[in-house]
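Those protein sequences? They're chains H and E, same order as listed. When you read off a place in the first sequence, starting at 1, and then add 11, the result is the number in our numbering. When you read off a place in the second sequence, starting at 1, and then add 546, the result is the number in our numbering.
The set of hints was computed from the structure by calculation and includes no laboratory data. Just to be clear, a hint being listed does not mean it is correct.
[What the hints assert, rightly or not] Interface residues of chain H toward chain E, partial, derived using beta-carbon atoms under 8 Å:
| hint | residue |
| --- | --- |
| 1 | Lys-124 |
| 2 | Ile-138 |
| 3 | Gly-140 |
[To be verified] No more than 25 Å apart at the CA atoms, straight line, and that leaves these computed lysine to aspartate or glutamate pairs for DMTMM-like:
| hint | chain 1 | residue 1 | chain 2 | residue 2 |
| --- | --- | --- | --- | --- |
| 4 | H | Lys-134 | E | Glu-693 |
| 5 | H | Lys-124 | E | Glu-700 |
| 6 | H | Lys-124 | E | Glu-609 |
| 7 | H | Lys-134 | E | Glu-694 |
| 8 | H | Lys-124 | E | Glu-729 |
| 9 | H | Lys-124 | E | Glu-694 |
| 10 | E | Lys-589 | E | Asp-637 |
[What the hints assert, rightly or not] Label-pair restraints from in silico Cβ distances:
| hint | chain 1 | residue 1 | chain 2 | residue 2 | range |
| --- | --- | --- | --- | --- | --- |
| 11 | E | Glu-631 | H | Gln-129 | 36 to 46 Å |
| 12 | H | Tyr-74 | E | Glu-609 | 56 to 66 Å |
| 13 | E | Lys-678 | H | Thr-73 | 50 to 60 Å |
| 14 | E | Tyr-577 | H | Tyr-74 | 57 to 67 Å |
| 15 | E | Glu-631 | H | Thr-73 | 51 to 61 Å |
| 16 | E | Thr-550 | H | Tyr-74 | 49 to 59 Å |
| 17 | E | Lys-611 | H | Thr-73 | 52 to 62 Å |
| 18 | E | Thr-587 | H | Tyr-74 | 56 to 66 Å |
Just so it is clear, CB atoms sit at the ideal spot from N, CA and C, and this is done for glycine as well.
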Amino acid sequence: MRKYLLGIGITIIFLAYSVVSRHQHSEPVVAPIPIIQNNSTSQYQSRPTTTNPVNTTYKDGTYTGSIESAFYGNVQVSATIQNGKITTVNFLQSPNENPNSIYVNSAAIPYLKQEAIQAQSAKVSIITGATYTSQAFVNSLTNALNQALQG
Amino acid sequence: MKKTEIIMGMPITVEIVDPKGIKYFDIVFAYFREIDNRYSTYKNDSEISQINTGLQKSKWSVEMKTVLGLCEQTRKDTNGYFNIEHNGKRDPSGLVKGWAINNAAGMLREKKITNFYIEAGGDVQVNGKGPKHQSWTVGLRNPFNSEEIIKTIEVSTEGVATSGTYIRGQHIYNPFHPDSPIEQVKSLTIIGPNIYEADRFATAAFAMGLEGINFINTIQGLEGYMVTDNKIATYTSGFERYVINV
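Pulled out of the complex, with its shape left as it was, chain E reads as follows:
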């Protein structure tokens, strides 16, 4: 069974294959609404908005401190390219989405649900098999034509994230050169051990421009597929293991 809801300003789709898992749809969607209420910079009463308007650190939730700690860790892991501070405001959305999908997937696994996927705004965490016992397949959208798929990959426990020029209307920018747009890279898809890793590194590597795919290549456990404005894809050697030739 598959359900889609619009939360966090984007469609979130959950498919649960195991019949005993049907009752957990509500829990998963409720979790994403909770996340949205806490981390949305578009909501004035969200905790992150309150922090950005001066909420004392002593009043921050434990979860918020954890997330901001992960953001700081990711900043270090990516040589400063992942940076949630812009114009004096914090926006952890580049990490929260993958983190939340990963947590939701963990909740389902804890309930002994093994065959499912959770997808939010193009970021995907799969687990087990699909409804016909087939492996989950993920299509990479053509950044030049949203009707087309340019690659099909097969995954079983991995997370797949794609960063593009716009995410929910916001530009990803290079924190070291905030005014120079990232134009050459049209999309960057990362396969990681889980969606948390894939998403945070996709965001940071995209901000690096052409260097991003090389950065991904140096990190064990991550594979990447970058499409540039000349319609050429540059990809890591290990990426091919996931590709299905159709």
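Chain H with its partners taken away, still in its complex shape:
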């Protein structure tokens, strides 16, 4: 449970980091985020991620993070380092009214990631997207308008 919470804390920190760095880089932001257990119904296990583990050595102490606004509200955490390792992460601010409730309902803490979209050349079984029908709509409308022009 402690590791789990720690993971979430680190995740929030990196989310905050990614929110800030988003404004500095046009490159897609890939933050090294620990894999968090997900309770959805998929039978698939987490795929190995391409991100590297964090190798930074930390100085001991307690550090308060900046207040970061995400889509879901403000987040602020403090991290305590002992012997170079993160031992505690506390939520000073969270979208929940009562910060303690996070520990009760930790699965509900949302965090999001971002990336720039990039075209892929993949062979897929099926395609999902609203554009198909949108395009059909536009095409049909264009066609109708062309006919209207000729009429």
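Since the structure of chain H is already known, use the hints to place chain E on it.
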């Protein structure tokens, strides 16, 4: 074997891998035609059109009452963002498509067919494996270029639904601000335990605008991938589990 028919104003594609399942194509397509005849607001003689022109509640079919009940439940589940009433008329199409795909998939499973997918207008329910025993892969279309795929995901029993600015030419609107267009969000793809859940939440979350992806993130069992007008994708952490890097 794969077949496509145009029903409900959109292409519906069914692929059944199991040879013993070939005979069920007709049943699946017939079911979608039945659904279209009952729920299409474009058909004057459909039950929903009759209801919208004053058919007494005592004459509504049991199935219609079930569907409208699910719509009401979804309205509550989505804090009012899923709302089938607009200008005094009911239009349950935002729920019926996913519901019908899910039912059709259930019919095939009941017949012991395990390897298939059903796709209607970009909403997908897969089951089992593809024709070469590979996992089903779903490509997410680039909302800025319909020729491109921007993400590939792998699914086995899940449903995948995408809401965009237009669905069959109709705007999804914010029921609380019907006159303000949803412009920032270009597409929102939801992976859910089945297509019914994925579709109804995709519709509602899309109507929430930028908040939609956050709403999805709070619901266990749902993952989302939102593309905004700045060509940035914002996605839930669990979404990555499904992504295939190609």
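Evaluated hints:
1. Lys-124: holds (6 Å)
2. Ile-138: holds (5 Å)
3. Gly-140: holds (3 Å)
4. H:Lys-134 with E:Glu-693: holds (13 Å)
5. H:Lys-124 with E:Glu-700: Roughly 19 Å separates the two Cα atoms, so the pair holds.
6. H:Lys-124 with E:Glu-609: violated (41 Å)
7. H:Lys-134 with E:Glu-694: holds (11 Å)
8. H:Lys-124 with E:Glu-729: holds (21 Å)
9. H:Lys-124 with E:Glu-694: holds (22 Å)
10. E:Lys-589 with E:Asp-637: holds (12 Å)
11. E:Glu-631 with H:Gln-129: 36 to 46 Å: About 40 Å separates the Cβ atoms of Glu-631 (chain E) and Gln-129 (chain H), which means 36 to 46 Å holds.
12. H:Tyr-74 with E:Glu-609: 56 to 66 Å: holds (59 Å)
13. E:Lys-678 with H:Thr-73: 50 to 60 Å: 55 Å Cβ-Cβ, so the 50 to 60 Å window holds.
14. E:Tyr-577 with H:Tyr-74: 57 to 67 Å: holds (59 Å)
15. E:Glu-631 with H:Thr-73: 51 to 61 Å: holds (53 Å)
16. E:Thr-550 with H:Tyr-74: 49 to 59 Å: holds (58 Å)
17. E:Lys-611 with H:Thr-73: 52 to 62 Å: Since Lys-611 (chain E) and Thr-73 (chain H) have Cβ atoms about 59 Å apart, the given range 52 to 62 Å holds.
18. E:Thr-587 with H:Tyr-74: 56 to 66 Å: Once the Cβ atoms are compared, 57 Å apart, the range 56 to 66 Å for Tyr-74 (chain H) and Thr-587 (chain E) holds.
Violated hint: 6 only; the structure is consistent with all others.
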